[in-house]
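Visitor: Listed below are the residues making up each chain.
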Amino acid sequence: MTFLKKSPWLLHYDASSCNGCDIEVLACLTPLYDVERFGIINTGNPKHADVFVVTGGVNEQNREVIRNIYEQIPEPKVVVAVGICATSGGIFRECYNMSGGIDQLIPVDVYVPGCAARPESIIDGIVKSLEILEEKRIQMKERARQIKQGRSPGGGER
Amino acid sequence: MSRQIVMPFGPQHPVLPEPIHLDLVLEDETVVDVIPSIGYVHRGLETLVEKRQFPEYVYIAERTCGICSFIHGMTYCQGVERVMGLEVPERAHYLRTIWSEYSRLHSHLLWLGLFADGMGFENLFMNAWKHREFVLDVMEETTGGRVIQGSCKVGGVRRDIDQETLKKMERDLKGFEKGLKEMANVFLNDDSIASRLRGVGVLSRNDAYVCGAVGPTGRGSGVPIDIRMTGYAAYGEVDFSPVVEEDGDCYARCAVRVNELFSSIEIIRQLIDRIPGGEIEVKVKGNPDGEYFSRSEQPRGELVHYVKGNGTKYLARSRIRTPTLTNIPPLVKMLQGCELADVPVIVLSIDPCIGCMER
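Protein chains in written order, with numbering that gives the first Met the number 0: chain A, 0 to 157; chain B, 0 to 358.
Derived from the structure by calculation, the hints contain no laboratory data.
Since the structure is predicted, the reported quantities are computational estimates derived from the model, not experimental observations.
Treat the hints with care, as some may be off.
[What the hints assert, rightly or not] No farther apart than 30 Å at their CA atoms in a straight line, the calculated lysine-lysine pairs in the BS3-like style are these:
| # | chain 1 | residue 1 | chain 2 | residue 2 |
| --- | --- | --- | --- | --- |
| 1 | B | K167 | B | K129 |
| 2 | A | K46 | A | K140 |
| 3 | B | K129 | A | K127 |
| 4 | B | K167 | B | K180 |
| 5 | B | K129 | A | K5 |
| 6 | A | K5 | A | K135 |
Produce the entire structure from the sequences given, and follow the hints as far as they go.
Guide: This is the structure we're talking about:
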């Protein structure tokens, strides 16, 4: 975690989970696991978030909501799919209203399997996603520098 | 009359861990009407009975809701057992009752924490969830799962608890109860909490009865409705009475849940004292043929599982009615006439469990 320069903030959305993973995500923040001591805060505002934590799979009604929230989060951002339902649809895969994991809708960076996913594995997944977030941030800076120098990100002169 | 505007609340909202959408019709700062719309978490798991055999469907029933998952599994099993005419051993009934009371403790502590967070009392939120971890540890020790246990099955339970562990559970309850008393003191006697909750979202006894409020929402308004009194599982063999408050405001609903924590601890003590020995399951032969309405008391109120078998390994129909759905009309009644700033607290005060409600 020493590579981390800033405190990452989470945005948690329950797509169509049974609550099992949601309460485990919240349990990560509370005294036994306590990731808040590293400055990781569960925010309610997409505009403040770096990490988008989704539990549960995609169904017809929440499709637009997930896409809308994802688009509101500023770059760089990472998506963590928590629980087997968010990964593939899990036990509800065959239900008539489910269309599967959230990777059908938005790009997912880290998958955390489990039913319900344990707080330890959720924390592990978030830490993995932070490495990806840092990489994305460096890439963005590099691109911005190139644009400033008058070169397009692709390489050639503008 | 001033101009009316419609303000959306949810589906993604800071105080809601789960998605529900309310259209609030406002006149200045006052809510005059509320139009709820649901369906963001609908999976359609009732139809899975056609694809899963009836003993396997217990897993699906448990995943209706991750908070009270054990009670869902147990209620479904009770329904199937009654249809098949199975005599479940007494010890299995006791073990089921112990686990469902631990589920109630965990659910109420979870809610108290979220409620404190909804009021902006972050410290109390952390405190409630600290106590909740004790309950989850017991669950994990005895069933192997933290939030989804999978220890109930048609014909009994999957795991036994040995006498030594039972004794340890009873001993540990003492320290747990002491911690809870300190926390309950803050919830019930703190001035800032009382002034935030008293007189907010009042539901009269008559409205509660007419709108069909169940569980702590109804009991907070003086309706003594508690399905545990019907004596399913081993509840017939313990002494307890429903916790009832008369005021019908958010404070009363909070007080009902705080006092139910202690009532649950008392029930667990009695069960551990009286648990008989013997088998924990019976062999299941044949297939269910017939129908039954199985009822139980979830932390949020009355839960109904309807099962209908047709003599094959696959059930013909399963229907789940959860307490949150029943508590939506009372919620609409509470919200009419309240201030906009009180909406999050009132919505939380019915303990909405959307994952349950939409199945």
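Visitor: Are there hints from earlier that the structure breaks, and if so, what are their numbers?
Guide: No hint contradicted; all consistent.
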